[in-house]
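Numbering (our numbering), first residue to last: 2 to 410.
Calculated from the structure, these hints are not laboratory results. Be aware that one or more of the hints could be misleading.
Unchecked claim - Computed beta-carbon distance windows for the label pairs:
(1) 100 x 130: 24 to 34 angstroms
(2) 138 x 58: 20 to 30 angstroms
(3) 293 x 77: 20 to 30 angstroms
(4) 18 x 259: 53 to 63 angstroms
(5) 277 x 38: 31 to 41 angstroms
All C-beta atoms, glycine included, are put in the ideal place defined by N, C-alpha and C.
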Amino acid sequence: YGAGRATIRVRVPKGWARGLVAGVEAAFAGWAITTVTTMIVYLSLRSNTWMSDTLPRDALALGGDLWVATLGGTSVAGGVSYRVIPTLFGALLVLLVRLLLRTTTGFPRSSALFAVPGFLLTAWFLAGTSGVHSQWWTGTVGAILIPLIGSGWFVVSSYSRDSEAPSMQHWISGGFKMGGLVSLVTVVAAAAAAVVALVAGWSRASGIQELLGASSLVDTTFIVGAQALFAPTAMAWAAAWWSGSGFMTATDSLHSPVVAGTGPIPPIPLLGAVPETAPGMWVILAPIMLGIGLGVVASRSFRREHLLHQTAQGVLSSVIVASVTALWMWSATMSLGSARLASMGSRVGWATLALVLEIALPALITALATHTTTRATLGEGAGRARNEGEAPRRRDAERQSRVVATDTI
């Protein structure tokens, strides 16, 4: 090695152990919640005759299977694969990772990313040692995405708080904030649409609830609580229907503004809110108007001095919206069997594309159209066109005045 030879040193950032521990704690907490909840439900329902053959160790194993389901994994029973993600619990785990990473405040931002391997390895260990029917390796995607989103959220939020940031960072942080705002408003609007659908289909949902034969308050609470874990899923289906792409309640039953599936729905009370009519594609005007409104807000709250920075900020925001929407729609897909129910939920690609074109793109166009540079350019263009149009009229007037003067002479 020569004295003048350049060397590259790779060092682990300070605070990496705290990030790693945060991921481990989040995974253990998530697994403990699923296991304890399963045991509570078992102790509450063990007096039922249909649970006479169920033992405490079976309840513990079910808790392990539910943990893998939370990570997006599959379980195999009777040779049939099942995949159902309790999306609300997954969202709470992301929030938990974000909160636990507060211990890394004051250390390099990269230390927060060590929550990903801590969560992943712990999730693998817990899934492999506690589940019975679940395939632990199938939850790898979720075991990476949950801590990655939580740590990324923490890094971005701390990145945007820098007071002496270069000008380029402003449109980057603005793009993340704008993308987060558009995504949040889309989720809230989808939640409102889901509530409206549930109110409209309350009688059908109540009828399905009665068919399940809930004989006590505990049974009813269990059924309602289990469905509450899929609230983000119902919201995603509502957003997919709202966008015009629709969603599937079975492989042969599509529901969209132009198609109303006629096949039987699974005996799930929440599915009683599925629309029975197809009003038409005019409903996509609602998300388009929402996108225009968000563009007006962005033009005021996230305005950049340079049009190029405004454009880059809007493009980054659209990318974030597309990523969030795709992940949201993917988490809302499920498989409950090998026949009709092998594929349920939104059509991820079409739903993501539709929502980006109907909400994110109008927001971007509106923000750019109302920018001061754009308005100034349009004003100059209009003035130039007006002046160019007045010049021929002046020449015609002068020509006519000369003709009149000649005739007079």
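May I ask you to test the hint 53 to 63 angstroms on the CB atoms belonging to residue 18 and residue 259? holds, 55 angstroms
With respect to the beta-carbon atoms only, verify the hint that residue 100 and residue 130 lie 24 to 34 angstroms apart. holds, 26 angstroms
Outcome of range test on Cβ distance (residue 138, residue 58; 20 to 30 angstroms): holds, 23 angstroms
Determine whether the Cβ-Cβ distance between residue 277 and residue 38 falls within the hinted range of 31 to 41 angstroms. Since the Cβ atoms of residue 277 and residue 38 sit about 34 angstroms apart, the hinted range of 31 to 41 angstroms holds.
Could you say whether the range 20 to 30 angstroms given as a hint is met by the Cβ separation of residue 293 and residue 77? violated, 47 angstroms
In this structure, only the earlier hint numbered 3 is contradicted, and the remaining ones agree with it.
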